[in-house]
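Q: Those protein sequences? They're chains A and B, same order as listed.
Every letter in the first sequence is one number past the one before it in the working numbering, and letter 300, counting from 1, is 300.
Quick note, the working numbering runs 307 ahead of the 1-based positions in the second sequence.
If you are wondering where the hints come from, they were derived from the structure by calculation, not from laboratory data.
By construction, the Cβ of each residue, glycine as well, lies at the ideal position given by its N, Cα and C atoms.
Hints are supplied without guarantee of correctness; some may be wrong.
[Unchecked claim] Okay, the calculated beta carbon distance ranges per label pair: (1) A/D226 with B/R456: 17 to 25 Å; (2) B/A561 with A/W151: 57 to 65 Å; (3) A/P153 with B/E503: 48 to 56 Å; (4) B/A440 with A/G71: 26 to 34 Å; (5) B/D454 with A/E74: 32 to 40 Å; (6) A/D147 with B/T607: 24 to 32 Å.
Chain residues, written in single-letter form:
Number of protein chains: 2
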Amino acid sequence: MDRIRIGLVGIGKIARDQHLPALNQGGDFDLAATASRNGRVDGVEAHETVDALIAARPDIAAISLCTPPAGRFEQAMAAIAAGRHVMLEKPPAATVSEAEALAEAARAKGVTLFATWHSREAAEVDAARGWLADKAIRAVRIMWREDIRQWHPGQDWILAPGGFGVFDPGINALSIATRILPDPLVVLSAELAIPENRACPIAATIAMRCGTAPVAVDFDFLQTGDQTWDIEVDTDAGTLYLRNGGSRLELPGAEPMQGPNAEYPRLYARFAELIRNGESDVDLRPLRLVADAFLTGQPTPAPAFEF
Amino acid sequence: MDRIRIGLVGIGKIARDQHLPALNQGGDFDLAATASRNGRVDGVEAHETVDALIAARPDIAAISLCTPPAGRFEQAMAAIAAGRHVMLEKPPAATVSEAEALAEAARAKGVTLFATWHSREAAEVDAARGWLADKAIRAVRIMWREDIRQWHPGQDWILAPGGFGVFDPGINALSIATRILPDPLVVLSAELAIPENRACPIAATIAMRCGTAPVAVDFDFLQTGDQTWDIEVDTDAGTLYLRNGGSRLELPGAEPMQGPNAEYPRLYARFAELIRNGESDVDLRPLRLVADAFLTGQPTPAPAFEF
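Start from the sequences, fold in the hints, and give me the full structure.
A: Written out as structure tokens, the structure reads:
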């Protein structure tokens, strides 16, 4: 199969930690250029903006956007309008309506749009989904507690409007939950702890339902020491534990299963497959749940936060 | 055609101001019972809860819910599960996912669900939609400014979580805008003024787009004196002014048009039509735009508010 020239937009932490290593593993893409206000990659043609990249390189068929969600809409619209296939980091946009407009624009233009959810590619997510498919769900507990200073050092945008706050990691949990649970999730109420000097929550609890089963969600951005990315599902056949962000699965009466992390290589393989099939993949359910939590949430003041 | 027995749930201000007069005009429905914690209607069988009404009256085929949105989900689910057709005041639920779950439940049960948007039934909305259909939209201004003390006296729920705050009237404007504008609306950013003793905004501005046209939204709950419920649309053929909540239309070079208010009689006529056709009508676009505004909005502190 022909290889695909790709442009990477937003050379920040997630690009260096995940996208560049995945693209350097080989696979279907050749990194042909980058666009970033500050970052660049040694040996790769660098532009300052996505518009400049698009204008300079009509041969680049695909654009991968890993800029922060606020502002990504205009970049993605420009790439789609120029006839490029587009892959979006999570969350795909700052609002649901932005993401829906991107999907519609890609459809009209006949290009591929891939709204990625990297946590769904964690090693044991598919196995968890398979096991739950024929179970009756009794209760679900989602605990996603990490240290913002460790994983997002100095990233002020994450607590600014459109940055999602603790829902930036939390949406990873919701992307897994919407993948593995057999019934839709419904947001009933939420509590949002918002630092007095920030716009977005630094911790949140959400009460949801899955069918008739209660779903308790606990997100925290201030957990030091051990980090927690766990989903527990009580069923008529015992309790499933999906731990470590989806990479470890414990099922009743079975040895724990644990696979290696290949989330981003799997995302890029899927993007290539979508391009070759002329398809898009834009599942906005995790984003809609976050919007619902903000809509119905009780804001509670929290102490000022500084990195 | 056979008349339809209906139960009205939530005997508060909107029920007395709008639903009861509409039902008393004749039309397709006979008000057979009410359910409300506090209110009752002279000469009509009264229950305290929707569950009690459903249990007592299997002959009541339709339920109209005009309780506040927070908590309406369980009531609507109970009515649908009991095989009753359901009409929802706006907004249809406290979250988008609740409303989607209701639509799915109604589909599975084979009953009618009607998520109403009463402002869409204002006299000149259809004419505005018709005029805009073949115009190029240049800019849109939405101004919805009213006095919360006049229209929602003592209704603390409206500023509590799930009460929508100024988006409770504002969603009426968005329901009209999504009906009359030819392209989808996209939320880009928002500012939300939240009183220090309340959970929901008492004023808001939203920056949206409709296609490539900018849409400026100004919602305010503290306007005394003249009240403003206006939408202005600049087009390639001049500016449309839709005023007074959709009841007055001014088009370039034409006499103003102004029709009488028949919003709620039209809603009940439409509900009867949907029931007889075995259809549902659940357009969640206005609710999704509100969720987007909360998601991406910059909260700004506002003075404490007391009625």
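Q: Each hint should be assessed against the structure and marked as holding or not.
A: Each hint tested on the structure:
no., hint, verdict
1, A/D226 with B/R456: 17 to 25 Å, "51 Å, violated"
2, B/A561 with A/W151: 57 to 65 Å, "60 Å, holds"
3, A/P153 with B/E503: 48 to 56 Å, "32 Å, violated"
4, B/A440 with A/G71: 26 to 34 Å, "32 Å, holds"
5, B/D454 with A/E74: 32 to 40 Å, "37 Å, holds"
6, A/D147 with B/T607: 24 to 32 Å, "29 Å, holds"
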